[in-house]
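**Student:** Here are the chains, one letter per residue:
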Amino acid sequence: MSVVTENLDLWWGGFLRSLGIALWGAVGSLAWGTVLAVFRISPVPVLRGFGAFYVTWLRNTPLAIVLFTMAFGIPALGINVSFYAFGVTGLVLYTSAFVCEAVRSGISTVPTGQAEAARSIGLTFAQTLGLVVMPQALRAVVPPVGNVIIAMIKNSAVVGAIGVGGDLFSAYNRLTSAQGYAALPAITGMAVGFLVLTLSAAGLLALFERRTVIAR
Amino acid sequence: MSAPTAVLFDTPGPKARRRTLAGSVVAGLVLLVLLVLVVVRLADRGQLDAELWNPLVNPTDEDFPVVWQRIGDGLRVTLLGAGLAVAASLVIGLVLASLRLSLGRVARTPLVGVMELLRGLPVIVTILYTDILLRAVGAHRGPLLSLVIALTLYNCVIIAEITRAGVQSLPKGQVEAGLAVGLTRGQVMRFVQLPQAVRAMLPALISQLVVILKDTALASIVLTGIQDLGKIADQLSGALDNTLQTYFVIGLIYIVMNLALEQIAKLVQRRMSGAGRSKADVPVDEGVRVTGGQNV
Chain P
0 MSVVTENLDL WWGGFLRSLG IALWGAVGSL AWGTVLAVFR ISPVPVLRGF GAFYVTWLRN
60 TPLAIVLFTM AFGIPALGIN VSFYAFGVTG LVLYTSAFVC EAVRSGISTV PTGQAEAARS
120 IGLTFAQTLG LVVMPQALRA VVPPVGNVII AMIKNSAVVG AIGVGGDLFS AYNRLTSAQG
180 YAALPAITGM AVGFLVLTLS AAGLLALFER RTVIAR
Chain H
0 MSAPTAVLFD TPGPKARRRT LAGSVVAGLV LLVLLVLVVV RLADRGQLDA ELWNPLVNPT
60 DEDFPVVWQR IGDGLRVTLL GAGLAVAASL VIGLVLASLR LSLGRVARTP LVGVMELLRG
120 LPVIVTILYT DILLRAVGAH RGPLLSLVIA LTLYNCVIIA EITRAGVQSL PKGQVEAGLA
180 VGLTRGQVMR FVQLPQAVRA MLPALISQLV VILKDTALAS IVLTGIQDLG KIADQLSGAL
240 DNTLQTYFVI GLIYIVMNLA LEQIAKLVQR RMSGAGRSKA DVPVDEGVRV TGGQNV
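Going line by line, the protein sequences match chains P and H.
Numbering that gives the first Met the number 0 numbers the first residue of the first sequence as 0 and each following residue consecutively.
Numbering that gives the first Met the number 0 numbers the first residue of the second sequence as 0 and each following residue consecutively.
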């Protein structure tokens with residue numbers, strides 16, 4: 000296990016970088032995914048169509064393909080930002096499709112009577128959604144969206160694997176290829192790092208679920 | 000339109016219809032402008048040039064047969080890997096589910112621990128880990144087998160969880176009736192609980208197949224020597240010097256395969272619900288809730 004104890008700095012730095020990817024990915028995909036969900040249930044057919052097209056497209060493409068297209072294809076358009084930004088953007092574009100579907104399924108758990116009551120006292124679509132349906136739906140949405148976010152934390156390893164630099168995966172790559180450490184203990188170190196991330200995220204989610212759950 | 004959406008707004012009157020139309024026009028224009036901007040940019044940069052697309056889409060191009068032969072080879076590896084992983088995960092997943100349900104609290108703990116660990120690891124890490132571990136113990140038989148084993152390790156746990164949710168959602172009377180007619184616990188699991196649970200969870204199970212198919216592409220990043228569709232995309236884009244175009248076409252192939260799987264799922268589901276099956280079937284929404292988000 001000398002590969003872990005001798006290089007604690009590198010592992011810690013990698014852990015923080017992976018955490019950073021996960022946090023930015025969570026913020027971005029929650030925001031964009033919610034917007035997409037609103038598109039998909041809005042009365043405007045063009046927005047509904049766009050939402051459906053986007054979700055179908057991104058949900059059925061492997062993340063690796065999305066990331067490679069971002070990292071190598073977008074620079075061909077003359078847009079050049081850091082690999083890190085490409086990686087996080089690709090992760091957000093991909094994950095938001097799943098967040099959108101989770102939010103939509105949460106909205107469908109709100110009893111019809113709620114929306115009907117809101118409409119019958121004269122609220123508009125925006126008011127019905129914003130004041131009545133969404134506050135209840137967001138609670139119902141916590142478990143599925145939480146699962147999506149945990150899956151996204153795992154997917155952030157893919158972002159590292161294609162070479163963002165500085166995260167847990169590249170710590171592993173550096174130690175094994177450049178410094179000649181044995182692969183098995185090194186990857187065990189990386190696996191533990193990711194397990195800490197995902198299991199603590201799962202724990203937080205369970206806590207949060209217990210607080211937000213409502214009896215119906 | 001789906002039911003929940005229909006109640007969010009009234010049947011539009013003339014005024015609301017005008018507003019919706021205006022919204023449609025504005026949104027449509029914005030999307031159109033964005034699309035035009037992207038296309039113009041692509042054209043400016045020479046990304047729409049025929050020489051970049053021809054090897055992929057023009058049958059008369061000299062590279063076309065070779066390119067599609069390679070894509071076909073990659074497709075075969077991808078489908079083989081996914082198929083083997085699916086079969087193995089299904090079998091092991093069902094066994095795991097019944098084990099977890101029938102073991103006592105103490106005997107169950109180590110099993111649940113291992114399952115949680117496997118579920119918490121990123122698949123890409125599991126793939127690399129499996130490959131390294133197999134090499135370390137001298138049981139390495141090529142990258143494809145490593146991929147299949149890793150995908151099985153991860154997905155059999157997910158499938159076990161899906162099945163368990165299905166079994167636990169069955170009414171208690173099912174087990175009681177089974178025991179009452181003299182079946183053993185194991186027989187009740189095999190002949191009463193699992194068949195109903197699997198039928199109820201079929202949509203979730205099939206959408207897990209989509210995940211397995213997509214996850215095969217991860218192997219091309221971490222395993223050397225595998226020749227799956229993802230790796231072929233990598234090699235072709237290097238040889239043809241057209242990253243954007245190759246990944247676009249390969250991405251489309253994945254989308255078509257996954258949409259086909261999704262259609263099969265819908266078909267199966269309609270057949271099942273149309274045949275007047277037992278009331279124990281979990282409603283689709285329930286299935287979505289129980290397994291929600293696993294298929295990311």
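No lab work stands behind these hints, which were simulated from the structure alone.
For glycine and all other residues, C-beta sits at the position ideal for the given N, C-alpha and C.
Incorrect hints may have been included.
Unchecked claim - With the Cβ distance kept under 8 Å, some of the chain P side facing chain H (calculated, not the full set):
1) 14
2) 18
3) 183
4) 197
To be verified - Partial list, computed: chain P residues near chain H (C-beta under 8 Å):
5) 7
6) 11
7) 12
8) 42
9) 46
10) 51
11) 61
12) 153
13) 161
14) 164
15) 198
**Student:** All hints, please: hold or fail.
**Tutor:** Now for the hints, and whether the structure bears them out:
Taken as an interface hint, residue 14 of chain P does not check out: its beta carbon lies about 14 Å from the nearest beta carbon of chain H, beyond 8 Å. For the restraint placing residue 18 of chain P at the interface with chain H, the shortest Cβ-Cβ distance is roughly 14 Å, beyond the 8 Å limit, so the hint is violated. The restraint placing residue 183 of chain P at the interface with chain H holds, with a minimum CB-CB distance near 5 Å, inside the 8 Å limit. Against a cut-off of 8 Å between C-beta atoms, the interface hint on residue 197 of chain P holds, since the closest Cβ of chain H lies about 4 Å away.
Below 8 Å, beta-carbon pairs count as interface contacts, and residue 7 of chain P has none with chain H, the closest being about 20 Å; its hint is therefore violated. Because the closest C-beta pair between residue 11 of chain P and chain H is about 18 Å apart, greater than 8 Å, the hint is violated. Interface hint status for residue 12 of chain P: violated, as the beta-carbon distance to the closest one in chain H is roughly 18 Å, over 8 Å. Given the 8 Å rule on beta carbons, the hint for residue 42 of chain P holds: about 5 Å separates it from the nearest Cβ of chain H.
A least Cβ separation of about 5 Å between residue 46 of chain P and chain H falls short of the 8 Å threshold, and the interface hint therefore holds. For residue 51 of chain P, the suggested interface contact is broken, since its CB lies about 11 Å from the closest CB of chain H, more than 8 Å. Checking residue 61 of chain P against chain H by beta carbon gives a least distance of about 4 Å; that is within 8 Å, so the hint holds. Residue-level restraint check for residue 153 of chain P holds (minimum Cβ-Cβ distance to chain H is 4 Å; threshold 8 Å).
A cut of 8 Å between beta carbons decides the hint on residue 161 of chain P: the least distance to chain H is about 6 Å, and the hint holds. Checking residue 164 of chain P against chain H by beta carbon gives a least distance of about 15 Å; that is not within 8 Å, so the hint is violated. Interface hint at residue 198 of chain P: satisfied, since its Cβ lies 5 Å from the closest Cβ of chain H, which is below the 8 Å cut-off.
Checked against the numbered hints listed earlier, the structure breaks hints 1, 2, 5, 6, 7, 10, 14; every other hint is satisfied.
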